[in-house]
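Going line by line, the protein sequences match chains A and B.
For what it's worth, my numbering labels the leading residue of the first sequence as 1, then goes sequentially.
For what it's worth, my numbering labels the leading residue of the second sequence as 1, then goes sequentially.
Calculated from the structure, these hints are not laboratory results.
Source: prediction; values computed, not measured.
From the three backbone atoms N, C-alpha and C, an ideal C-beta is built for every residue, glycine too.
Among these hints, one or two may not hold up.
Calculated pairs, SDA-like style, for lysine to any residue (alpha carbon to alpha carbon, straight line, at most 20 Å) [to be verified]: (1) B:K73 / A:Q303; (2) B:K73 / A:Y37; (3) B:K73 / A:I274; (4) A:K235 / B:P44; (5) B:K79 / A:T277; (6) A:K235 / B:I81; (7) B:K79 / A:E297.
Some residues of chain A that are not near chain B, with every Cβ distance over 12 Å (derived) [unchecked claim]: (8) K97; (9) K145; (10) E224; (11) P360.
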Amino acid sequence: MKTRDAVIIGGGVIGCAIAYELARRGMTNITVVEKSYLSSGATGRCGAGVRQQWGLESNILLSKKSCEAFERMNEELDYDGDIEFHQGGYLLLAYGKDQWNQFLKNVELQHKHGVMTEIKTPQEALEIVPFLNIEGLTGATFHQKDGHANPFKVTDAYYKAAKRLGVEFLTYTEALDIVVKNGEIEKVVTTKGDIYTERVVNAAGGWSKEIAKMVGIDIPVYSERHQILVTEPVKKILDPMVMSFHHSIYCQQTPHGSFIMGLGDPNELKGYNIESTWQFMQEMAEIITELLPPLKELRVVRQWSGLYNITPDAAPILGNTPHLEKFYQAVGFSGHGFMIAPMTAQLIAEQMLGLEPSLPISTYDLGRYERGELVKEPNVV
Amino acid sequence: MDKSKDVIVCRCSDVTLAQVQDLIKQGYTSVEEIKRITRAGMGPCQSKTCGHVIEREIAKITGIKVDQQEPHKQRGPIKGIKLGTMAVAEKGEKHED
Chain A
1 MKTRDAVIIG GGVIGCAIAY ELARRGMTNI TVVEKSYLSS GATGRCGAGV RQQWGLESNI
61 LLSKKSCEAF ERMNEELDYD GDIEFHQGGY LLLAYGKDQW NQFLKNVELQ HKHGVMTEIK
121 TPQEALEIVP FLNIEGLTGA TFHQKDGHAN PFKVTDAYYK AAKRLGVEFL TYTEALDIVV
181 KNGEIEKVVT TKGDIYTERV VNAAGGWSKE IAKMVGIDIP VYSERHQILV TEPVKKILDP
241 MVMSFHHSIY CQQTPHGSFI MGLGDPNELK GYNIESTWQF MQEMAEIITE LLPPLKELRV
301 VRQWSGLYNI TPDAAPILGN TPHLEKFYQA VGFSGHGFMI APMTAQLIAE QMLGLEPSLP
361 ISTYDLGRYE RGELVKEPNV V
Chain B
1 MDKSKDVIVC RCSDVTLAQV QDLIKQGYTS VEEIKRITRA GMGPCQSKTC GHVIEREIAK
61 ITGIKVDQQE PHKQRGPIKG IKLGTMAVAE KGEKHED
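Produce the entire structure from the sequences given, and follow the hints as far as they go.
Pasting the structure below:
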């Protein structure tokens, strides 16, 4: 009989980081169950951005501490590769008075927590991105310490570090059921046999709702396709991630030289469809060539898509579950899980081990929806 | 003499045969996984060359025959296409190229 102190369902950045943070604190008799290969879901499909420019204290702190973890990650995880963390900043574009006023409020709050975002006029934005089309632009905010990292490498670094500490990783293994007996978890049934455990972490990303259903819990999340594309690599011309809530787009140049860009479609249907469409590529092309005109010469080499796992307040659901204490949620990241993975994983591990939380994790608990205490973040695509 | 360090498997991303063999031995046993670690198959040819070579290396080392391996995903566009070309297509204007 296989018995574990915990089973983590999902081998994305969240699951692998939680495995490492548990193992680092002494809980090494644990298994990560992944139905495909590591980072095959949302992690490996994301836009890779890491930003601290948020509009709520809780999100600012979570992302700031995560960013600091990215800065140290190659060394801390003793990684034999490079997570390719590049702090070229995030340039957030504001259009119209209302959005601009919200940005200014956000910056004030960010400064209070040591995120020293700079306020830029359209002319000053040109000093950062000289080929930016500033037509209609009200202003911009810029924070140099934001940036992007390689999601495959970050996940790989956590995986290798956790594995060295003794964590078991079962890839190509699907969790089929979670059996609850007398109000406690008994075991996880997988395609490779049963694993007896009292603790389960739901880190299943796009499929988190299905995992929660196995124990009869309905979590208020849904999945939605978001599309993305990448161009051929060229020499470095764009340092920061450029993001516009008005256009609902983001665009960055990776350290390798290719441009990655994505677009939020307000008409996207809920569900698990991750096929790519021509409509996305055309719409993306139209917006980005307006905003960053030199990009019109770049060839698109590939497009793909992944699932956002979205909550009613676009903030994640973290921590234990009412009525089933040892079923832990790390779900509903609503499109920004990668950038807060390091700190999220620490908070989950601390709670599982009964340690003092580094940040108030209760802000993000599942019970907030019943209590009506939503996390209202104004700064999301 | 082992020449696997000099043999380029992926010409777009400069990935050597030695790198691929090393990863397979470490447990990265699909084209998808090797692609994500090395960038093999992410360049202009989109794995049309290296994909087959990597599948054969996986078969040699793991014993899983190529036709029994999960086929790796082929993504559009089939050929690189300029953003500018697509942008004018979206607007319905006449375009070159």
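Against the structure, the hints come out as follows:
| no. | hint | in the structure |
| --- | --- | --- |
| 1 | B:K73 / A:Q303 | 11 Å, holds |
| 2 | B:K73 / A:Y37 | 14 Å, holds |
| 3 | B:K73 / A:I274 | 12 Å, holds |
| 4 | A:K235 / B:P44 | 16 Å, holds |
| 5 | B:K79 / A:T277 | 15 Å, holds |
| 6 | A:K235 / B:I81 | 18 Å, holds |
| 7 | B:K79 / A:E297 | 15 Å, holds |
| 8 | K97 | 29 Å, holds |
| 9 | K145 | 26 Å, holds |
| 10 | E224 | 20 Å, holds |
| 11 | P360 | 35 Å, holds |
Against the hints set out earlier in the document, no violation occurs for any number.
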